[in-house]
Structures are given as structure tokens and as C-alpha cells.
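Read top to bottom, the protein sequences are chains L and Y.
Each residue of the first sequence is one higher than the one before, starting from 5 at the first, in the working numbering.
Each residue of the second sequence is one higher than the one before, starting from 5 at the first, in the working numbering.
For the record, the hints were derived by calculation from the structure and aren't laboratory data.
Among these hints, one or two may not hold up.
Remember, identical chains collapse to one label, so a pair may be satisfied in a single copy or spanning two.
As the list claims (entries may be wrong) - In the DSS-like style, the derived pairs of lysine-lysine whose C-alpha atoms are separated by at most 30 Å in a straight line are:
{"hint": "1", "residue 1": "K37", "residue 2": "K60"}
{"hint": "2", "residue 1": "K46", "residue 2": "K60"}
{"hint": "3", "residue 1": "K82", "residue 2": "K60"}
Number of protein chains: 2
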Amino acid sequence: MAGDDTPPELARLRASIDNLDAAIIHMLAERFKLTRDVGVLKARTTLPPADPEREKRQVARLRALADEAGLEPEFAEKFLAFVIAEVLHHHETIARAQTTDT
Amino acid sequence: MAGDDTPPELARLRASIDNLDAAIIHMLAERFKLTRDVGVLKARTTLPPADPEREKRQVARLRALADEAGLEPEFAEKFLAFVIAEVLHHHETIARAQTTDT
Chain L
5 MAGDDTPPEL
15 ARLRASIDNL
25 DAAIIHMLAE
35 RFKLTRDVGV
45 LKARTTLPPA
55 DPEREKRQVA
65 RLRALADEAG
75 LEPEFAEKFL
85 AFVIAEVLHH
95 HETIARAQTT
105 DT
Chain Y
5 MAGDDTPPEL
15 ARLRASIDNL
25 DAAIIHMLAE
35 RFKLTRDVGV
45 LKARTTLPPA
55 DPEREKRQVA
65 RLRALADEAG
75 LEPEFAEKFL
85 AFVIAEVLHH
95 HETIARAQTT
105 DT
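Bound-form chain L, shown alone (with noise of 0.2 Å):
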């Protein structure tokens, strides 16, 4: 992959870097799965999509994870907030389908 010039440092972080990635790719796959069902109970029960209380407890969570991991928590708040951005861009994807379905 990496060309002549790569220096042999430089190629052990990158692979190590691309190992990371891959797995965190994996676990977001299975975390979207995970909404979907979430989605599709709220749906069959009368329980609302949106649940304000449920993501303060996410975000002050993940700030404090991010923090012991030395992480900046601003950025955990920031990756909590992208991911939910795509949860509902995912939710709005099904409500189209369902609605083009009938």
C-alpha cells in the first residue's frame, strides 16, 4: 500500500491507525442496528422518537469516559452529536419507505 518513500515509523502508525478505524466502522454498524430496533419498538409502542432526558445522561456519560480516557469531552459530546445526526437522517430514511410503501 504505502509507497518506497513511507518511512517504516510512519507505516506502523498508519496500520495501527486502520486497525482502529476498521473496528470502530464495525461498531458503528452494530450501534445502527441497535437504533433501528429502537426505532422500530418506539414505533409499535406509543413511546416518543425523542427522549431529551436519555441523551443529557448519554452526553454527561460520555464526557467523563472521554475525559478518563484522555480524550477532550467537547469531542465526545461532538461524536455523540454526529451520531444522532445520523440516526435521525436513518429514521427519516424508514418513515420515507414506509410512507412509499403504502
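Position chain Y against the provided structure of chain L, taking the given hints into account.
Chain Y in isolation, oriented as in the chain L frame:
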């Protein structure tokens, strides 16, 4: 954590989402340690900070991995852009700190 009115199935799904989020946050913390090392290595050598060819390979690889894992390739690409923006932010912070120290 959950109120009494949370259905057990929803609580179960949320617990799994929380576990995955914790794992992802910890892997991101490791990933940023590695990109910091890359930044230090590049600063020590004559390597340019940005490497568009490396980035192109990363995008193609993550899109393929996402597709295999049942995740939208577009999301994987957005995720990488989100993380790289944070890496650049870290590098700028380090550069500012070095200027201040001089």
C-alpha cells in the same frame, strides 16, 4: 438510571448502545494518540503534514468496510472527515502551544 416507565426491551437496547459508545470512545482516544505520534514524527522529519494520497486510500478502504458491515459508505466517509477535522484541530493546538512556549 432508566425511569420506571422504560420498557425492559428498550432498556436492554440502550445498555448495548452505551457499551458500544464506551468502546468507540476508548478506541478514538487511542486513535488520537497515534495521530499525535504521526504529527510529532512528521514535524521531526521533512514529511508534509497533509497526505492526500493516504487520505484517498483511507476513504476507499472505509467505504468498502462499511458496505460489508451493512453501513452506508457515505456515512463512513463523513465519519473519517469528522475525525480528520479533529486531528487537524489537535495539530493546530499543538502548534499554538509550541509558539507560546518559545
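Legend entry - Violations among the numbered hints: none
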